Amino acid sequence: MPQRTEKTKAVTMAENQGVSAFPLPPSKYVNMYTDENVKRGRAPLPPPPIQDTYTMFGAQFNADDAIIRPLESQGFRRLHPQNYDHKRELKKLNHSILVNFLDLIDILIKAPDSTKRTEKLEDLNLLFIHMHHLINEFRPHQARETLRVMMERQKKERAQISKNFETHLNKVKELIQTSLQSLPEDFSFDSKSLVKTELLQASQHHNGYDMETEPCDQLDRMMCDIVDGMG
Amino acid sequence: MADRLTQLQDAVNQLADHFCNSIGVLQQCSPPSKFEGFDKQPGKSPSEVPQEDYALTFAKLISRTAKDVDTLIDSLPSEESSLKVQLESLRRLEAENQEEARKLEEVVSHGQHLLDRVQEALRDIAQCQLRCQAMETDT
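In order, the protein sequences belong to chains D and P.
Counting from 2, one number per residue, gives the positions in the first sequence under this note's numbering.
Counting from -1, one number per residue, gives the positions in the second sequence under this note's numbering.
Note that these hints are calculated values from the structure, not bench results.
Hints are not guaranteed to be accurate.
Said to hold, decoys possible - Which residues of chain P face chain D? A few of them, derived with a C-beta cut under 8 Å, are:
no., residue
1, Ile21
2, Ala64
3, Asp66
4, Asp68
5, Ile71
6, Leu74
7, Ser87
8, Leu88
9, Glu92
10, Ala99
11, Lys101
12, Val105
13, Val106
14, Leu112
15, Arg129
Computed from a prediction, not measured in an experiment: that's the story for all the values here.
C-beta: ideal position from N, C-alpha, C; glycine also.
Same shape as in the complex, but just chain P (with noise of 0.2 Å):
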């Protein structure tokens, strides 16, 4: 589902379509109307053309787009959070930011260095070792 803004766009260019359809398929699909008083052939009449009544299903169409173009206009935030509380509270949250990017990098540091000294803890370890195996072999 696309953003609110997006779907109210669509909604409207969707509004505007119904529009131009409408009136395109009810003119192309009406029956021609008679003249008055010029009865040339009345029983040509155009005998029950199948109504299937465009003309209320674009009216409901049309209402219910329009009808979600104001719902959608409903759920758009209001003035209150203008620019500057938004640019406030930008600026609050990037020094927070940092703040937390400094701490996590304190941290970081800390677990760096133990792991260095428990590295060379484990490396005079394996010097040792070796060197107790190697003067075992020597006898």
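So here's chain D without its partners, still in its complex pose (with noise of 0.2 Å):
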């Protein structure tokens, strides 16, 4: 597993350095998980999911919004119309983004402290913030196709592994006839081993008697077969 590997890596780094590269763990917690609270069922359960909003970090989360693909205009002007060809609009946004570069050039050789600088500035971020939003609008796309790919791999995978396993089993299934086929089929015994399966044959009938009478496990019944055929 690469976590591991990665752990073991910085751990024996540490150790050589004589201290711990990992804060230490939450002792209150851990100490709540031992074996017996957990086969009493007196662990403490997973922390439920958050329902609404929550900090991290400083900065604030909602959990119920549509994270993946919030809307434009909740922070900043929108350039691009309701209905739009991502690709088309991505390359106006570059061309804008390159002729707002020259135009900051310009303004910058000409008169450095106007505050058209500073409006041109904006503009630039403006185009930036549409170029990453429209690529980010993507990615939703991107995830359904990885998904789509991985399944039909997977499709496939089972197909190949049963169609191995049934011809594996079509093998096996002729190497147990033409075994079963080459068996000696002549029942030429001498008279000695021929009195032996009469024996066979009464203590069988008596074992099948014992059995009738008590239903005993399969395996103290093959256990009590061979004890019986040593002593």
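Dock chain to chain to rebuild the complex, using the hints, since each chain is given by itself in its own frame.
Laid out in structure tokens, this is it:
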């Protein structure tokens, strides 16, 4: 597992230096998860998923927003129409960015301290944000494509495995059948072993009678047979 | 190599970086421009600063990055395989996958069944052998 190898590398490096690389585990929680607590069911449950807003590192997050693709009009001015083609808009944005950069250089040459500079910087900012937003809108599509490709591969693998298994199965069946056919069909025993088979049948009847009276485990039955045979 | 979207994002960020770097570098290492009709010390004009021509280099970099961005945008899939088509193919694939799983399970159960019978036969054979050996040692 890749996580494990990274962890062991860091741990061995830290051990060489004599100080732990990782913060200690929270002992109050860890001690509550002893083996007997888990067995008794008294270990604390995992925390429930968070429903509404929460803060992380000072930034606030909404748990029930459509985080995958929030609307642009939530923060900034929107530059592209309602029904747009992503690729065309992306290309227009790319060219606008270049043109705006040239304008910026012009302003810097001619009048570096004017308000036009800050306006131009704001324009560039907006254009870049648009560009990243449009790129992000491709991400769910990419996720679905990945899922589709994975499922197709899984389906092919399964078909392959079942086909291989079936060929093996048929081979095994053929093998058993050929070996059955090649068993010696002649029953020319000598008299000694014929007597033995009568003994064997008698003991089998005896065992069968026992088996009807008392249902016992098959393993035990086997063991009894072996012991009877040997003793 | 990262996927195309990540490459595109990186290229866009790189373009922004080039913008900032070019303006900064050109501003830092530019020779001071002379004032008109103010010739204070004409002999002190900047003597051939080894012009490494950052302007040209940066211009090339920026144009190349912008071209990369264009190419990457072109390589993105168009809107044809839209949401509905994708969801439909996902559903179909899921049904097919379940069908394949069922077939696989069936084949495996056949194999398991055969294995059980073979093991049973082996067990019987072993028992008979043991009994025969026992009877041989008896006599």
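Do the hints match the structure? See the list:
| no. | hint | in the structure |
| --- | --- | --- |
| 1 | Ile21 | 7 Å, holds |
| 2 | Ala64 | 6 Å, holds |
| 3 | Asp66 | 10 Å, violated |
| 4 | Asp68 | 6 Å, holds |
| 5 | Ile71 | 5 Å, holds |
| 6 | Leu74 | 6 Å, holds |
| 7 | Ser87 | 6 Å, holds |
| 8 | Leu88 | 6 Å, holds |
| 9 | Glu92 | 7 Å, holds |
| 10 | Ala99 | 6 Å, holds |
| 11 | Lys101 | 5 Å, holds |
| 12 | Val105 | 5 Å, holds |
| 13 | Val106 | 7 Å, holds |
| 14 | Leu112 | 7 Å, holds |
| 15 | Arg129 | 5 Å, holds |
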